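A.B. asks: Residues per chain, in single letters:
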Amino acid sequence: MTQNILELKDVKKQFGKTEIIRGLNLEVRRGERLAVIGPNGAGKSTLFHLISGRLSVSSGEIWFDGDRIHHCTAQQIYQRGLSRSFQITNLFSRQTVYENILSAAMWAQGYRYTFWKRISQLKPLHDRAQEVLELIGLAARRNVSVNLLTYAEQRALEIGMAVAGGSHTILLDEPTAGMSRGESDAAIELIKTVSMGKTLMIVEHDMGVVFGLADRVAVVVYGQVIACDTPENIRANAKVQEAYLGVKKDQKKEVTDGIA
Amino acid sequence: MTTHSLIASRAGGLTNSRLTLMWLGFAAVLLFAPHVFTSSLAHSHLTQMGTGIVLALSYNILLGQSGMLSFGHAAFSGLGAFMSVHAMNLAGGGTFWLPLPLIPVVGALTGLAFAALIGYVITRISGVAFAMITLGIGQMTYASALMFPGFFGGEGGVSTNRVYGEPILGWTFGPQIQVYYLVAFWLFICVMATFYLTRTPFGRLLNGVRDNEERIPFIGFNPHKLRYMAIMTSGLFAGIGGSLMAINFEIATDEVLSLHESGAVLLFTFIGGTTSFFGPMLGAVIGVLLTKLLPDYTAGWQMYLGIVFILVVVYAPGGISSLLKPGMDMVRRTILHKRYALFFRLLLSVTALVVSAILLIELLYHRATGASDPLSLWGFSLDHQGFIAWVIAIALLLAGLLTIKASGRALVRQLAEDTAQLEGEAQ
Amino acid sequence: MEFFLISLLNSLSYGLLLFMLSSGLTLIFSMMGVLNFAHASFYMMGAYFAYTISGMAGYWAAFILAPLLVGIAGIVVERYGLRAVHKYGHVAELLYTFGLSYLILEGVQLIWGRSAVPYGIPEILQGPLFTLYTTTFPKYQAFMMLIAVLTLLALYLVLTRTRIGLIIQASLTHPEMVESLGHNVPRVFMLVFGGGCALAGLAGVIGGNSLVTEPGMAETLGTIIFVVVVAGGMGSLMGALLASLLIGIIQTFSIAIDVSALDLLSAAGVSISPHAFGHSVLAVSLSDVAPMLPYALLVLILIFRPRGLLGKREN
Chain A
1 MTQNILELKD VKKQFGKTEI IRGLNLEVRR GERLAVIGPN GAGKSTLFHL
51 ISGRLSVSSG EIWFDGDRIH HCTAQQIYQR GLSRSFQITN LFSRQTVYEN
101 ILSAAMWAQG YRYTFWKRIS QLKPLHDRAQ EVLELIGLAA RRNVSVNLLT
151 YAEQRALEIG MAVAGGSHTI LLDEPTAGMS RGESDAAIEL IKTVSMGKTL
201 MIVEHDMGVV FGLADRVAVV VYGQVIACDT PENIRANAKV QEAYLGVKKD
251 QKKEVTDGIA
Chain B
1 MTTHSLIASR AGGLTNSRLT LMWLGFAAVL LFAPHVFTSS LAHSHLTQMG
51 TGIVLALSYN ILLGQSGMLS FGHAAFSGLG AFMSVHAMNL AGGGTFWLPL
101 PLIPVVGALT GLAFAALIGY VITRISGVAF AMITLGIGQM TYASALMFPG
151 FFGGEGGVST NRVYGEPILG WTFGPQIQVY YLVAFWLFIC VMATFYLTRT
201 PFGRLLNGVR DNEERIPFIG FNPHKLRYMA IMTSGLFAGI GGSLMAINFE
251 IATDEVLSLH ESGAVLLFTF IGGTTSFFGP MLGAVIGVLL TKLLPDYTAG
301 WQMYLGIVFI LVVVYAPGGI SSLLKPGMDM VRRTILHKRY ALFFRLLLSV
351 TALVVSAILL IELLYHRATG ASDPLSLWGF SLDHQGFIAW VIAIALLLAG
401 LLTIKASGRA LVRQLAEDTA QLEGEAQ
Chain C
1 MEFFLISLLN SLSYGLLLFM LSSGLTLIFS MMGVLNFAHA SFYMMGAYFA
51 YTISGMAGYW AAFILAPLLV GIAGIVVERY GLRAVHKYGH VAELLYTFGL
101 SYLILEGVQL IWGRSAVPYG IPEILQGPLF TLYTTTFPKY QAFMMLIAVL
151 TLLALYLVLT RTRIGLIIQA SLTHPEMVES LGHNVPRVFM LVFGGGCALA
201 GLAGVIGGNS LVTEPGMAET LGTIIFVVVV AGGMGSLMGA LLASLLIGII
251 QTFSIAIDVS ALDLLSAAGV SISPHAFGHS VLAVSLSDVA PMLPYALLVL
301 ILIFRPRGLL GKREN
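Residue numbers (the working numbering), protein chains in the order written: chain A, 1 to 260; chain B, 1 to 427; chain C, 1 to 315.
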């Protein structure tokens, strides 16, 4: 087993004439929690889209668990053990919380396009769905249609959908975006719980979350990783301060306090 | 938590025992309907409702369950019909043994085969573009009917005789009531099959394709493959529906492949409601009533059909079936809180609208026939050449239009207040 | 040679008529995302209105008034119907226009009856314009082509040279932005819808008497213009023009060519017995298949090039 579960080698992505990802290199270690930070428009979500197969790379390679995946379809990548959540909530809109989780748990439970068995007979599927439901704290909202949930509940369900299949690598795209302090804290606890023993990549803007959660931090600016190190080292990294925050050397102290 | 209670807590509380009751009840209705409505004409209508329900259910697998709008459904049912009449002719001529009750299998296989043939390629696309492709396929199939008279029988179509071979348990399937029971049998199978399909993982995933196709790969499935399977399933049941039609009418003409036919299925399914399982069933029943029963009473039946459709699209996009529960709820609460005056006011507005609309449409159609004698409606004699009838109709229409929103809102608001008050007292 | 030239001219006039119809449809689709199933019904309305008005006040009065009336009808349809359905999504809008086409058909039959009406060409435009070899080319067809070209020129100028045209172009791709800049985008939508319908109505005015004015006219042309819009690329006027001409050529030529695969094979010296498998398929001549060709084109384009010939937006 390789030490790196995910490797991006000189990945580039163009949309028409605009290059969003401009030669990105990244190594994600098995079992680590890696936070991806960077200014808006840096390409963090695009990065997730490339890794998860929603977009294809213009050039470069992506290796997952020892295999090339940059030409794989999104469902093939999922089937290899990588799942993700979305920045903009992306649930099955007309269904209940429970139905959403059921759908997300199906593949891992071995149910392919099964049309000869009724769901009500599939106890392991129900057990798993119930387990995830309780894990994300929505057991009381089981039969509520998802468009009636509060924003925080929807975001929790987003996370639930990403983990229901038991994937060993989880990508979370701004899971706490738009949440209040209290909601954020609850979400962080949830993320810590669901990512135990798994590899986690998380895009975040909230530095408090990042420093409390991440083993390493990758800083993406203008489609490239300019630094990838422990949170403390990143905090002190001059390149990061300048690129991300646009500060000069003498403003370093204020900024360092700001990141804390 | 046991599996049993897990399904019980799903909306509607459809436990196994309730389901069994439902099936028994449905079977009973099917068994006894022709004895409640005893005329031969009624039996014919019941039979057509049966085939209509199968077609509507097959259509809703695509539209309501998978979110795939199709304008070419008649291609599947129509081809099923043609294959079936050929099979009946061949079986009747002794080429092979295939008793009438098994003919719908031919239809099923035809629909499935056609869908398998073209489905892979056309389901690569979704949305409005997919709807357009189905339009193209439907029209192409319709056009080819006249191009290959050997198979499609040209303008006269292909006719057949459903009475062939040995009678089964004494039944020749000549009489309408026997055909009805054959259709009812297949209807029961199809309803059960399509119902349980919605409760399989596959059914759940189809709903996923409908609600958020983008997410499907991220839970491990291929949306294209799902859509392909959906069209094959839909084609299979559509083929059965076409086959039943062919058995009932003993003929298949190019009309069964037309856009008119595809449009009718779409209309009925949508009017009934695409968001529930039994919505399309209701739609098919209403559809047959509107297109077979109504023409006996008025020449304007197509106008009524079109108006009902548009009203459903604009005011009840979930279909008439989506209005049933809120409607009953409103009635129940009106009785509970004794708001009879407000309810009556709303009823008056609605009646004014409906009556005036019917008046106007009937007057217009009567005038269009060029008749000089007055229109006879509900015992009244209305002179369409004079002013009074028109004035009354238009006045009533205006009265209804102007008051309906207000009276509706008044009742709803009052009931909401009452309910809130009741809940407040209960706490 | 004669056949070729005459057919080419016919294709051109038919194609231009198709373009008049589909340009409105393309505009409406680009801007509002609504595929107006009832578009051909407005064409039919234009023809019938023109028939009635020309019976009362002459052809030229009809020429001005009928498209206006159809445009107003379009505005009413948008304001009171389509707008209400808009929130339910594109499928609901498509269904609404589908039901509308049904209702308009019924209404037309109610008022004017179920058989064709004698909407005729005005005397001044009757007769041949010139004679090519042995076939005459009617004045009226030339008139149709002229009007079609003028309308499209006017459309082009309005869209590119006037202020409202620029707003429309901007709203084609960025309606929210245009609205936040202070323009009344819903009103623009309403005007575009009405304008598109008026164009269809004008096509009906000039096409109804040259082709036939009967209740079936909407259905025949209706599906063809969808093919045009899709094949040309949903959202591209240039594409719609190309597709209209292409389909005009395909339909005009194919109807006249009575050659089948069997004929070609026997010309090459291969003969197939009538009992051979597939004989009936090979015996089908091009003119038999003609009605099907536009749909075959539609399906092929949607499969191999879903964005059409010149389409920009992938739906």
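Please note that a few of the clues may not be correct.
[Said to hold, decoys possible] Below, a list of computed lysine-lysine pairs in the DSBU-like style, where the Cα atoms sit at most 35 Å apart:
(1) B/K225 / A/K198
(2) A/K17 / B/K225
(3) B/K325 / B/K338
(4) B/K225 / A/K117
(5) B/K225 / A/K123
[To be verified] Covered stretches of chain B (in silico footprint by chain C; criterion: 3 or more residues with CB under 8 Å from a CB of chain C, positions within the stretch not fixed):
(6) 135-141
(7) 179-192
(8) 302-309
(9) 313-327
No wet-lab data here; the hints were simulated from the structure.
Here the structure is a predicted model, which means the values were calculated and not measured.
Cβ atoms here follow ideal geometry from the backbone N, Cα and C, with glycine treated the same way.
A.B. asks: Next step is simple, just say for each hint if it's right about the structure.
C.D. replies: Status of each hint after checking the structure:
{"no.": "1", "hint": "B/K225 / A/K198", "result": "holds (30 Å)"}
{"no.": "2", "hint": "A/K17 / B/K225", "result": "holds (33 Å)"}
{"no.": "3", "hint": "B/K325 / B/K338", "result": "holds (19 Å)"}
{"no.": "4", "hint": "B/K225 / A/K117", "result": "holds (19 Å)"}
{"no.": "5", "hint": "B/K225 / A/K123", "result": "holds (26 Å)"}
{"no.": "6", "hint": "135-141", "result": "holds (count 5)"}
{"no.": "7", "hint": "179-192", "result": "violated (count 0)"}
{"no.": "8", "hint": "302-309", "result": "holds (count 6)"}
{"no.": "9", "hint": "313-327", "result": "holds (count 3)"}
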